[in-house]
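K.L.:
Given next are the chains, with one letter for each unit.
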Amino acid sequence: MAFLKVVQWIVWKDLVTEIRSRETISSMVFFALIVILIFSFSFSMNQQAAQEVIAGIIWVAFAFTGIIGLGKSFSSELQNDCLESLQMVPAPKGAIFLGKVTANFAFIFVVEILLFPMFVIFFNLDVIEEIPILLLIFFLATIGLSAVGTLFSALTVQIRAREVMLPILLLPLVVPVMIAAVEATKGALHGDPFSLYRQWVELLSIFDVVFTVVSFWLFEFVMDS
Amino acid sequence: MTAISATHLSKSFGHYHVLQNISIEIAQGECFALFGPNGSGKTTLLKIFATLQRPTSGHMAILGHDGSQGKEEIRASLMFLAHGSHLYEDLNAIENLQFALSLRGLSPSDHEIKVALDRVAIGAFSEMKVRNFSAGMKKRLALAKATLAQPQVLLLDEPFSALDTAGMEIMQNYIREVVHRQGTVLMSTHDSDKTRAIAHRAGIIRKGHLEPYDIGTSPDYGLS
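Listed in order, the protein sequences are those of chains A and B. Quick note: the first sequence, position 207, residue 1438 per this note's numbering, numbers continuous. Quick note: the second sequence, position 93, residue 183 per this note's numbering, numbers continuous.
These aren't lab readings, by the way, just hints derived from the structure by calculation. It is possible that part of the hints are untrue.
Unchecked claim - No farther apart than 27 Å at their CA atoms in a straight line, the calculated lysine-lysine pairs in the DSS-like style are these:
{"#": "1", "chain 1": "B", "residue 1": "Lys161", "chain 2": "A", "residue 2": "Lys1324"}
{"#": "2", "chain 1": "B", "residue 1": "Lys297", "chain 2": "B", "residue 2": "Lys137"}
{"#": "3", "chain 1": "B", "residue 1": "Lys297", "chain 2": "A", "residue 2": "Lys1236"}
{"#": "4", "chain 1": "A", "residue 1": "Lys1324", "chain 2": "A", "residue 2": "Lys1236"}
Bound-form chain A, shown alone (with noise of 0.2 Å):
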């Protein structure tokens, strides 16, 4: 009970922030609209082309836009060394670990929610009955993205250079969740049956339970390390 109390104290407060400050969403959704502003222009003249790689094109928008809220998460418990107190907490560091990554999940998911009819709108995609399985997908792969991220947001964040650090070691680990999650939307957008690309729906549940597990588990020692 005393966990989970943890767990819901630490989401309300990285939620509550954010509705305030505004800081991170806002820098998340300028960043991924360039980046579709620039493929968008990009492919303009081959549509055909765009059609073929666009299931890349909205994983990497997403995945360096998460990046961007990952990489705050941490860093703003910085100031007022809020962190050491975060330390302090004389509950599991797991409760803390789980806060975050529902908060962080929040964001991320809430930004490619946004995004997403940015993409239909800027590169004609017919989606409509694809919508629920699109939505599983991201939802699934933002699961792993935020688990790893979070611990990778905590082990760098008093780090000098932890800007550059997060991207480079966060992005080889989560090459896996990144090629499911690109296959299983490549499949649906292109309307292929789901059995045709299931294996990589299930295979994104499995690195989900994987990377929550380990992340939960190695949190701790870098809680206290």
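Please arrange chain B on chain A, whose structure you already have, making use of the hints.
P.N.:
Okay, now just chain B, sitting in the frame of chain A:
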């Protein structure tokens, strides 16, 4: 009973030996003041007791809990008022208190929070975001957090800095109250005048070593 103890405690950052072979015992109901020039290692020693840093060698214990194995018990029994206020700028005073205390497993009522804020004389700013607080107001809010948490061990890093005269008096009275209920206070300070009236003993860190320091302590524990 010993509340805070260190045995042959040393801490180095690379080749720089900040603390060397420090041994100390502070009893329950005692206030100990730590002096020393800037960079002498006062804050480092407090952070080791607060479980925020590991000693390079030696052991420490709080209320009998070993520093390397009983971290969670130690963290539940102490409070560290550090240089940084540990406050969130986009939360107001009440929200900061609710958040910090909830993570400690406490859920003070609205009335208790109001009383704590009034006690440190910032009750009128209870719904103001901490972003708009002065350094002294932040220190008072951090103190309000401690009054609600009622820790058995209180670690204070330069408790009088940034406070005005009234704030210093509030801080002194709170320290007296902690000691009265058999709590233990370890504080780093440069202010021997303010410390003389509350500390039972004092020490000074010189070149990494802790030595007794006579500041003419005459603690006055008639609560005002």
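K.L.:
Checked against the structure, which of the hints given earlier come out wrong?
P.N.:
Violated hint (a single one): 3; every other hint is consistent with the structure.
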